[in-house]
Each structure stands twice: as structure tokens, then as C-alpha cells.
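Since the structure of chain A is already known, use the hints to place chains B, C and D on it.
Residue numbers (the working numbering), protein chains in the order written: chain A, 1 to 351; chain B, 1 to 351; chain C, 1 to 351; chain D, 1 to 351.
Keep in mind that the hints were calculated from the coordinates and are not lab data. Among the hints, a few may not be true.
[To be verified] Here are some chain D residues pointing at chain C (derived, C-beta under 8 Å):
1. 239
2. 241
3. 322
C-beta atoms are modelled at their ideal positions from N, C-alpha and C, and glycine is treated no differently.
Protein chains: 4
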Amino acid sequence: MKRRSVAILAATGAVGQRFIQLLEGHPWFDIAVLAASERSAGKKYRDACLWRLETEMPKEIGEMTVVNTDLKSVKEAGDVDLVFSALPGDIAGPIEETFAAEFPVISKAAAHRMDEDVPLLIPEVNPEQLELIPVQKRRRSWSGFISTDPNCSTIQLAITLKPLMRFGLRRVIVVTMQALSGAGYPGVPSLDIIDNIIPYIAKEEEKIETETKKILGTFDGERVRPANIAISASCNRVDVKDGHLEAVCVDLEDKPSVEEVKEAFRSFIGEPQRLKLPMAPERPIIVREEIDRPQPRLDRDAGRGMSITVGRVRSDPVMSIKYLCLGHNTIRGAAGAGILSAELMAAKGYI
Amino acid sequence: MKRRSVAILAATGAVGQRFIQLLEGHPWFDIAVLAASERSAGKKYRDACLWRLETEMPKEIGEMTVVNTDLKSVKEAGDVDLVFSALPGDIAGPIEETFAAEFPVISKAAAHRMDEDVPLLIPEVNPEQLELIPVQKRRRSWSGFISTDPNCSTIQLAITLKPLMRFGLRRVIVVTMQALSGAGYPGVPSLDIIDNIIPYIAKEEEKIETETKKILGTFDGERVRPANIAISASCNRVDVKDGHLEAVCVDLEDKPSVEEVKEAFRSFIGEPQRLKLPMAPERPIIVREEIDRPQPRLDRDAGRGMSITVGRVRSDPVMSIKYLCLGHNTIRGAAGAGILSAELMAAKGYI
Amino acid sequence: MKRRSVAILAATGAVGQRFIQLLEGHPWFDIAVLAASERSAGKKYRDACLWRLETEMPKEIGEMTVVNTDLKSVKEAGDVDLVFSALPGDIAGPIEETFAAEFPVISKAAAHRMDEDVPLLIPEVNPEQLELIPVQKRRRSWSGFISTDPNCSTIQLAITLKPLMRFGLRRVIVVTMQALSGAGYPGVPSLDIIDNIIPYIAKEEEKIETETKKILGTFDGERVRPANIAISASCNRVDVKDGHLEAVCVDLEDKPSVEEVKEAFRSFIGEPQRLKLPMAPERPIIVREEIDRPQPRLDRDAGRGMSITVGRVRSDPVMSIKYLCLGHNTIRGAAGAGILSAELMAAKGYI
Amino acid sequence: MKRRSVAILAATGAVGQRFIQLLEGHPWFDIAVLAASERSAGKKYRDACLWRLETEMPKEIGEMTVVNTDLKSVKEAGDVDLVFSALPGDIAGPIEETFAAEFPVISKAAAHRMDEDVPLLIPEVNPEQLELIPVQKRRRSWSGFISTDPNCSTIQLAITLKPLMRFGLRRVIVVTMQALSGAGYPGVPSLDIIDNIIPYIAKEEEKIETETKKILGTFDGERVRPANIAISASCNRVDVKDGHLEAVCVDLEDKPSVEEVKEAFRSFIGEPQRLKLPMAPERPIIVREEIDRPQPRLDRDAGRGMSITVGRVRSDPVMSIKYLCLGHNTIRGAAGAGILSAELMAAKGYI
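This is chain A alone, in the form it adopts within the complex (with noise of 0.2 Å):
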């Protein structure tokens, strides 16, 4: 595979730290430059930068002179194959487009998700919506293109939904137990999380309710008609860093034993597994059999920050079945997840 080069945008923050984490020593990606908001353009990474990660920030990234968030400053900084976008949402939307233009734009950030010839991607549950990609540059006549992967707490389900597809899943209820980390940096204050619980994220059960619906539709060849689910969410905040633990009741038409479930959880795989890709895990989804099990200190490095970890699969007394899910919410719900697309469209040729 030849070696691309990668620009990240917003690479000061939280996301941003998390993909250069992740990308150092990735065997197809360098990173070539680092954009930023203009308060950090021009500054070495390391003084731009309030490195939060357990590990040390890798030194020659340090040494990197951050640019400025536009395509003019991006393109004199380097030669650039590829952008990862860690912008907050509520600027993402605009600026994604001009790189868009140019270059392939990998995108974390909501603002594109549910357009209409945009893939909202997760390598093992949906390859098929790549082939949005001919007929988004297309329609908008841009040499690149964007493509995004879903919210944190949507992949995680979503990637536990595939499996349940083929028993007629037709209605889920899932409350969400959410870590500090998926609020980004400063995030939730201190005073506001210490011996409680915040029970309200903001748009994200919308996300859960609306997203997961693309992510699991069909594919015509030009569009995606969503599955038809009902989807209720319920978003709370806790005390844990990183993890969103998910409690999910299902209602499967075909009324599946419970270890007919389990099994269809442990023999999921998909594209990413079949091309080795490098972020892969070996499983995307674990199934633990202790009654305690999943917990985010304890499972969310599963498949480094890949896998997800489902548990307590069992019946239910008002839906079919009801479960845990447990991920990574910054490596397989935000950095992860955009270096795996990445891989599956550099596998596929689409970049």
C-alpha cells in the first residue's frame, strides 16, 4: 500500500490528540499537517497544545509548526492526500465543504451526516455507502468528498444492531451511560459531575434516534432509505473518562434464543476483518459471560479501544432481549473510527 499524507483539522484538541496518537507509527498514514484555529496557527504543536493523553505527545509532532484552518494555509503547509476533520460541530459544516473541493474529507463532525449523498460509515456495518462517494462528487462537482462517521454513542450500537438485522430487529430502547471524555476539553465542570449524574446530552439522543436509521439502511445505488426502526434514546452524563456504557432492549420479530443472539454477536465480522485492515480489531464485538461485565475501566481497551464489549445478553420480559454495550468513545466512537474509514476507502481506492 502506498504511504498517504494526512492533514488533521482541529489537531489541538481532544479528538485531535487522539488521532495523532493513533497515527503514529500507522503503516499507510503520515502525518503532514496540522491545522488549528488561528490562536494556535503558527506556533510549534507543543505550545499550541494542552497535551491530555496518558501517553507522551510523540516528539517530532511537538516540533510541528500548527496552520490555520483554510484550504490556502493547509495546502502551502505540505502535500496532503487525505484531511481528518475533528471540528466542533457547529463550525464543521462550511469549512468541510472548501476542502471537500480538493480532498477527501473524513469527518467526525455532525454537521454532514444526514446529507443525502454524504456515507455516514462504519467500516464493518455499512461499506456499501462508499458508493456514495461517485455520486457525491458528482452531484457537486468537487474533485474530493466528504465522509462521516456517526456520533460516539451511535457507532457502538449500531456495530451491536448490525448482527440483530437478520432476527427482524424492529424496535430499540436504549439509555446511555456516558463518559466525561465524549464532552471534549474543558467539557463538563467538575462541580457539576462529582457525586452525581447529568441526565441530558445535548442532540444526542437525536443522533442516536436519526443516525442509527442510515447507518443500518439500504443502499439503492444512488440513496439510502433508512431502516425502518423505532429507536428511543436517553443520554446521561457520568463520572467515568472514557467508555459510554449503553443498556439496550431489543424487539426481534424472530424471536431468537439468547444464545442464538450471543452467537450472532461473536461470529460478526465484517469488511475490515476480511482486508486486515490495520485499525481492525480482531472482533469488533466481544461477548463477556460474567454477570458483572461489560465496565468501561475494565473494557473499553478491548481490541485497542476497537472492540466493543457486549454483556449480560438475556431475555426480556417486555421486548425480546436486552444487553449491555461498552466502546471506546474516542477511539472506536471518534479517532478510531475515522483512521478505519480511511483504511477501507484506501483498500477500496477511494483515496
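This is chains B, C and D only, laid out in the frame that chain A set:
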């Protein structure tokens, strides 16, 4: 109201301490006897008890001598009209029976909750279950009796379900986020819960699923017919000191509007309010309109810990309505529940 | 005592909220004006303020209209006898001066603490510094004046050092473990403090090291000569909501016994106790004998948040004596300190 | 280096699990026997052990059968060259002696630390104490021996004090903020530590004050003369998972500059570094220049948990110099310490 003397079983434990705290200055009840295990018997309470509450131990209680938890020791220690039992579930059963042969026993333990002839009482919800007391006394030939309070996470759920019964309540899915104090002391090791959630609490889901049906059941003069409701519970332990938060989805046949449901919550009162019982909160259910409430630390002390706070009442894409409820698990969910039950019995002439 | 009307500057902030909470039902002071930044001016207090306290916002306060923080707006809003300033340190200086030209200003800000003619007051410790007020008014030609309360971590330390002065206090080493609320709101990001300690608080060590000497200094009728004590402070932020804990080592020339030191703590009272001021705790210092106290959650509310709890007084292998002290940083360390100062001024005729 | 077979006593406990984790893939040592209490004996390790670490239990370890902690059972279970003891302090004494009659015992327990003929070893600090081994064997007529590792909070302090000895170290005042894992499992109840600090750890202050003098003492060929240093320790438990933070003040006769002290820390290396022992960190002490480091969560894993991170080195108004130090209490402070000690013994021919 004539004053009554009470004994507390398991007086040195977490719930026992709450009983003592809440009974300080009570207008009807005086603490006459403190009973605990053999290890504590013979010691002054202040030496036998590792007091864990933020308020100081009442001075005169500290000077009382703890007696062993058997009928003879308790009777020798003082004239007792009434027994509060905070015994651990695994030993409560037979001990409570020996006491019930002579005394009214108001129990926080699970042992007898599902007995056919034992009330499972929430004074605002099902005061008619007190009529099981004469049935029980007759059947068991006791001069005393046992009445039980439900499990902490069940009480707050059932209080909010009661006013929904009129709308044709058929199905309930609840996911709980429960506080540390619900596990007693020493309870949950700090190493297990820091930066973590434990998605399992032994027997808790079963308790919610079975007890709620008895609480909301109908009494036919001889026994309680369980309510015809399907209930699904998923229980999680979170790093919060006090206050269980529950995310609830309900299916209501009559499809009331969100405003009708809120009004049903707001206007709900019961016998304790009509009788102005000392421990009764002015409003059993407080409905908050803020987007991010209820929160454990901000709402657990509402109504001196006896009100349930409901928030985020909204329509649900899968069921009819969803909402959150929060209650103080060691006050409304434990010691306060027992005291309110005793007050109702006193007001109605059962003790 | 005639009632006085007070204005609160920065009324919507964390300390401002505490002022409102503590002044509810105060026998001498009525809240007449609430001032805050332009963003809040013109709004009802309930709409301008994100209320963070566990008790409810007083209803009539919520209905008051917030005014801008300038002399003219405050004067137009009501007759004011006295101004409490909870302004941020970086803007407090000049604003407080404009108010002091006409009103007594009791300030929680650092700006004027070390001014030669401004009291740095702890009512139990150095009431004689009130005599700086006529000096200040004369020198600055003001009809009002500024009096300051020390930094929160300094107040509790100084209260415990005062009774040790008689033993020839020469050297103090203190290591603090400070609560989140000391940083205001939003303050410390939760991602920084979960499973962590931050061993640095900007300017805090300097404040402890310099303010303490002025507080314990001697007043010669014109100015305060700093106490001749060497002080070393190391300040840490920990994941505790309220209550600063401090580990203190002191060198005492007279080498008193542990019991003599404890007795000095226990018997310490000051003007607020002699005058029975409303906010004064019965005992400024509570000495606990348990091996593991004081603890923030168990002891911060002692004396309604106005007592300092001391524990583990023991002899030290390097200095003479070591002990721990704990105080509620937003009550005794902030709003309660201001109110007690105002009460002392009222009782002594300064306002 | 020839491979050696090791037995681990108390293999199912928290420190035992760390030994297993850190020995996985070790180039010199193979785990041959896992011993634990009678309750575990005869079970597979995976069934006997509640594994608490974030990494998975090594598969082949899980299949091993646990044996009882007595000499006979361990000898029957396998050929053993070396015993690591993670026994609780109250039972370790006599059990370790029975093993030492035949095997080298490297102990994490306090029982024999202060024995005159037993090394209290930190490989970088006092490798000469290994020469106590022949003394001990002769005196006790053992073919094996006991060597001990200091208490966790002492190890990291002593490593930072060692390079200060050259400046005439006379007095040390240390205040610790210690992690939960230092108390073992189940250890500290979560109800005691949420929103709280416990300012007392049984025997910890005495251990720091006495062990440090032996560690830094001088060996005269027959015994260790304690260093002539006055040490004062105040120990606190905080809500942090791993990593003890210590605020240290030292008095140094030679009055070195801050830069000289930093350079002494930075340039400090010992035998493990010279011998390139497998467990040895490249640098025993890492000096950070950021204003707010070290922090437990960010620095505890430095040098794979074996480096001590020092920060905020500054001059002190009372003593000479103050600084903070941080170490991973269950790696450098426990299992990693034992393994490094064993490596040094292997390299020097003691085992």
C-alpha cells in the same frame, strides 16, 4: 397521638443509622431499644457503631447500650410498641417471625415481601394492603405482624407508576443508575467504582420486576392480585453517594399527552398527605421542567429526602412516554419509608 | 440592631450564590440589590443565574432584576448600606474603589488585601484591623471604605495559628488538599481531576505565605506590622466538592505539649463569640480525637460551615507539632467570612 | 542469563496479580507455582482469582492450579528457584521464615523489613545491603534468605532523597496523597472516599519515618547504621486509583541551588541502569518542568511504572527546597520493586 417506643434491629448498620437520624425529635416515636449482632451487644452505641452520616450521632443515643438481636434481650431492654427491622436479607426471615409473634415488625428486608399475607407497603400508593394485617395475624396466630417496605429502587419507580395506572399502564422498561449507599457499608470497594460503572446488582432486577406488580396490585379483601404489567429492569451501580436515578419508558393504552402525564404526577397525593403524617412530604412527586434534571446531588434531598423528583417527561418513539425519576435511596428508599409506614399504621390504628 | 440593606456584586457566581443562601432570613441584613455583568443585567435573577447549590434558590430572590455592576446602576436600584463583593480578582480592584468612595465594601477579592490601609480581617483573629478603616477613609477621602477577607485556604490556617502565637510560633509548613469549589464555576474540568490530583493552584501558595503574616501581624494604630513567621505552602487540588484539608507542621519556641496545644485550640474564642454575632459558630475551632478526622465530607458543615475542625494533633519529629485542619471553603472561606465581617462591623459601629 | 522458576505467595491478591502481569514474557523468570490461602488451593487460578487489572489475565496462568501457602505444597507443585511473597503483613512473618530456610524469599511484607540482618532493598539506592544476605544465612543457618522491599510510599521518597544525600540532607517533611490501590482489595469502601479524603493510613507514617533511615543508612560489612536524618510524615488517602503523590520539604546543609538539585535528580542512576536490568527504567527519576506536574493519572506509568516523576522543584521559605514526587504504588511500589530486586540478585549471583 400517644407516643410509642420503638426498637431498631441492626441499629449499627447504614439503614439503622438513618432510622436513628430521622427519628431524632420525632413527634410520635421514641427509640427505646437498639439491637445488633452479638459482637456489638453490651457495648455503648457510640462504641459499637462506626457512624457514617454527615450529621452528628445524637448524644443520648450514643450512651445507650446495644442489646443482642433476639426477642428475649429486646424485651428485657425496654417496653417496646413497635420494631423496625434493618436486618440483612439473608438472616431477616426467621428473626422477624419470632418478633412478629409479639410485636408489629416493620421491615426493610426482602425476606417476607412476597409472602401472600404480608403487606408490601408504600403509604401513598397502596394503603389498602394494611388490611392484610388482620388476615396475617389470624392465619399465623400472631399477636404482632410483619409489614414490609419494598426495595429502594422499586419504591421510587412504583410511586411514579401509580398515577399512570389510570392511563392503562401496560409495559415498563426501566434502567437504573444506583448510588453506593444502596449497597450498605462497607459495600462497594472504591477500586471497583472509581472511573467505572458496575452494570449488575445482585437480585435487584428481579425485585423491581416482581415487587412492583404486587405493590400496584388489587386487594380483594383476602389477598393481592398482582397488576397485569410487564416490567423490564436493568440495574447499574454508579459512583454517586446517595440517590438512585432511573430512566423509565412506559406504554400507556390511553395515549395521554405529555402535559396530562405531568399533571398526573404533579397532582398525585395519598393518605400520608391527607393525614398530614409527620414524615410525609408535601408532594410525593415533584416535576421539574429544567432540561437536565433530576440530578442525584441536587434533588435527592427534596421533601427532606421523601419526595421523588421527576424530570424530562417526553413522548417516546417506541413506547408512549419516557421520563427520569430520582429518590433518596436511604431515606424514601429505606429508613424514611419504614417510618412513614409506621406513621400510617399509627394513624389508622394498626399499632 | 437596625436592619441594613446590602448589595451583592457578582451575585450570579458561585460565591454570590452562597451569599444569597446564607443571608436568607438573616436577622440584620436584607438583600436589596443584585449586581452582575452586562450579560445578566436586566434579567430576572432566576434567568441570569445557573443556581448550583443543593438548597433551592429563595423565591423572592429569583424574581429580583439583576443590575449592571457599576455605582450608578446599583444606587438607582435601591437604598444600600453595604456592599458585598464577590468579584473575580482580576477586575475587582478599580470597581471596588468606585464603590468604596460611597459605601462600605466587604470584599472577597484579592485585589486590595495587601494594601497598607485595608483590613485583612478574620473577626476572631484580628478585629483590631478594623481600626484601619478611619485611617483609610482619611487617607483616601472616601465616605465608604474597603475591608477584605483573606483567601479561603489562608483563613482556616490563620484561625488555627492564632492560638499558637502564645507558644512562640516561628515556622509553619502547610500542604493543602483543596476542594473543587475553590476554583469557582465552571472551574476545574472534570477530565483533569477524575482519578487525579493537580498539584498546583495559581497564586495560592503566595497568598498563604504573605496574607498569613499580615493577618497575624500587630497593629500600631496606623499600620499592621507583619508577624515574624516563616511560612511554606504547597497547594493541591483534589476531587472533593467542598472543604479544604490542610496538613500543618509548626515550630513553637516554648515546646508545649500536645495536650497544651489541643487545649489552646479548644478554648480559643474571639469577638464574634463574645458578641454572639449571628453568623458566629459557638466554637471557632473544634478538636476531634478520632484517629482519622477531620474529613472533608464529614466535617465541612461543622458549626454551619463556620467552625474549623482540627484533628490528629501530635508531636512532630522535625518541627514541634503537626495537625490537620479543615474548613468549608465557600462558607468560612468565602461568603460566611464576609457576612461575619459585616456583622462585626455592625456591632462595632463601623457600618 | 539462565532462566529461573518462581513461586508467588498470595498470588490471587492485588499485588500477586501485578506480579503475574509484570512477569508475563519476562526474559529471566518463569512462573512455576501460584500459592494462596486454603480457600483457593486446588482451584484453577482463573476460578480462584477475582482479576482486577485492566489487561487480561494471561491464558496459561488461568489454567494453573493454585496450591496452599506452605512449604510442602509449593515444593510438590514444581521446581522453584525463588519465592515472591505478597503475603499480608500480619501473617507474613513466620511463613516467610519457613520458606527462607530453603529458598530466596523476596518479600513485599513489612514483617522482616527492620530485622537487623535483612536487606531493605531499593536496587538503585542501596545495592550494598545485599551483602547482608551471607550474614543472614550464616546467622540463621538457612540455605535460603529473606530480602525485603520497602513500603510503597517510602520507596518513591527514598529514591528522590538518595541524590540529595550529597548536599547534607538533615531534615525531611513529607505529606502524602496516596492512591486507593495501596490499601489492597477490597480496601477502602467507596462510601468513605467519594467526595472525601481520609487523613490517616494505619502504620504508614511510622513506616516512612523508620524505613527511610535504614534504606539511606550505611553498611559496615555486618550491619546497617541508620542515616542521621529527621523525618516527619503525614499520610492521606485520596480518591485516585493508582499513583502516590508526595509533597516534600527538605533541609540541605550545603544550600544547593534549585538547578543543582534538579540536576542531581536528573543525573541519578544506579546499578539497575548500569547493568541494564530488564525491569529497570532508563531513568529512575524524571524531572518535569511544567508548573502543574506530576499528576497521578498522567505520570504514574512513566518508565512503565518504574520511574519516579519529580516536579515543582523550588526553594522553600522554611526549609531549603521543596518538590513533589509521584510513583506507581503497585508497580515501583510493590510488584515491580520485587522483580527489580530479584533481577539485581540474579545479576550479582545471589540467586
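Here's how the hints hold up against the structure:
The restraint placing residue 239/D at the interface with chain C holds, with a minimum CB-CB distance near 5 Å, inside the 8 Å limit. Because the smallest distance between the Cβ of residue 241/D and any Cβ of chain C comes to about 5 Å, under 8 Å, the interface hint for this residue holds. The beta carbon of residue 322/D comes within 6 Å of a beta carbon in chain C, closer than 8 Å, and the hint placing it at the interface holds.
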